[in-house]
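Letter by letter, the sequence shown follows residues 29 to 266 of the numbering used here.
In short, the hints are calculated from the structure, not lab data. All C-beta atoms, glycine included, are put in the ideal place defined by N, C-alpha and C. Some clues are possibly wrong.
Stated by the list, open to error - Beta-carbon label-pair distances, calculated as ranges:
{"id": "1", "residue 1": "T215", "residue 2": "S148", "range": "28 to 34 Å"}
{"id": "2", "residue 1": "D91", "residue 2": "A125", "range": "27 to 33 Å"}
{"id": "3", "residue 1": "P209", "residue 2": "G122", "range": "47 to 53 Å"}
{"id": "4", "residue 1": "T107", "residue 2": "R250", "range": "31 to 37 Å"}
{"id": "5", "residue 1": "S123", "residue 2": "S167", "range": "45 to 51 Å"}
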Amino acid sequence: MKFWKSPAAIALGAILLLLPSAPAGALVTSATYTMNANWGFGFQALITVTPGVSVTSWTIEFDAADQQAVTNAFYAGFTQTGRHVTLTNRSFNGSVAAGSTLNVGIQFNNPALINVPPPSITFNGQPAAYSPQPYILASAGHVAVPEGGSATFGVTLSQPPTQNVVVTTPGGSTAAVVASPATLTFTAANWNVPQTVTLTSPEDADATGQAVYVPLNQQTGRPFYATDVVIADQIDND
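Please build the complete structure, drawing on both the sequences and the hints.
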């Protein structure tokens, strides 16, 4: 028995034969973004990309948080329009083999003291597999602390830890403000319950209010959370 095929069916079969299929075991392009230094009004981050295919040139794009402005990029050119950042290869690092690692460092001005990472990252116009870095979250960027008095703020995590996280609250960058308690412990049960930090400003002899840097650093636990910073603005009473 013979089966008759219409010209349309023959044409469709030809088209299907021409369609490329994804190679078995093809790699997926992945990216990470890690804040590795935070000094309050600025910070440094590292973007790592592992391409799924070999490339001879590249662009990395993402949207920064409100008021974050790129001031420098290491091993990349950069432009920023509003919150949108575009990184491009230098003459010496455009070729990246599939499965190898591309690292780009970025430095930001950060007047709003925001440590929130980009929600997504694209590589050569295509979304990369990416999970934003978790972060420590203070309830305020600036806290006014009267000399001879105290003020408070709350601290939470952006997501539950897989291993209990201890956050240190150093006693402020000068003796003008002291933070307590010295540590906060977050678990999978209390990660989003605000823990209170008290800032106290002892009486002093000077007549000048000081701005004191209070970093909130992860000491132990998993995963790795981005540092947050609070500026304690001492209100002098002399």
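(message) Between the beta carbons of T215 and S148, is the distance compatible with 28 to 34 Å?
(response) 29 Å, holds
(message) Verify the CB-CB distance for T107 and R250 against the hinted window 31 to 37 Å.
(response) 35 Å, holds
(message) Against the range 45 to 51 Å, how does the distance between the Cβ atoms of S123 and S167 compare: consistent or not?
(response) The hint (45 to 51 Å, Cβ to Cβ) holds, given that S123 and S167 are roughly 46 Å apart.
(message) Is 47 to 53 Å respected by the C-beta to C-beta distance linking P209 and G122?
(response) Hint holds: Cβ distance 50 Å, inside 47 to 53 Å.
(message) Can you tell me whether the CB distance of D91 to A125 sits inside 27 to 33 Å?
(response) 28 Å, holds
In this structure, none of the earlier numbered hints is contradicted; all agree with it.
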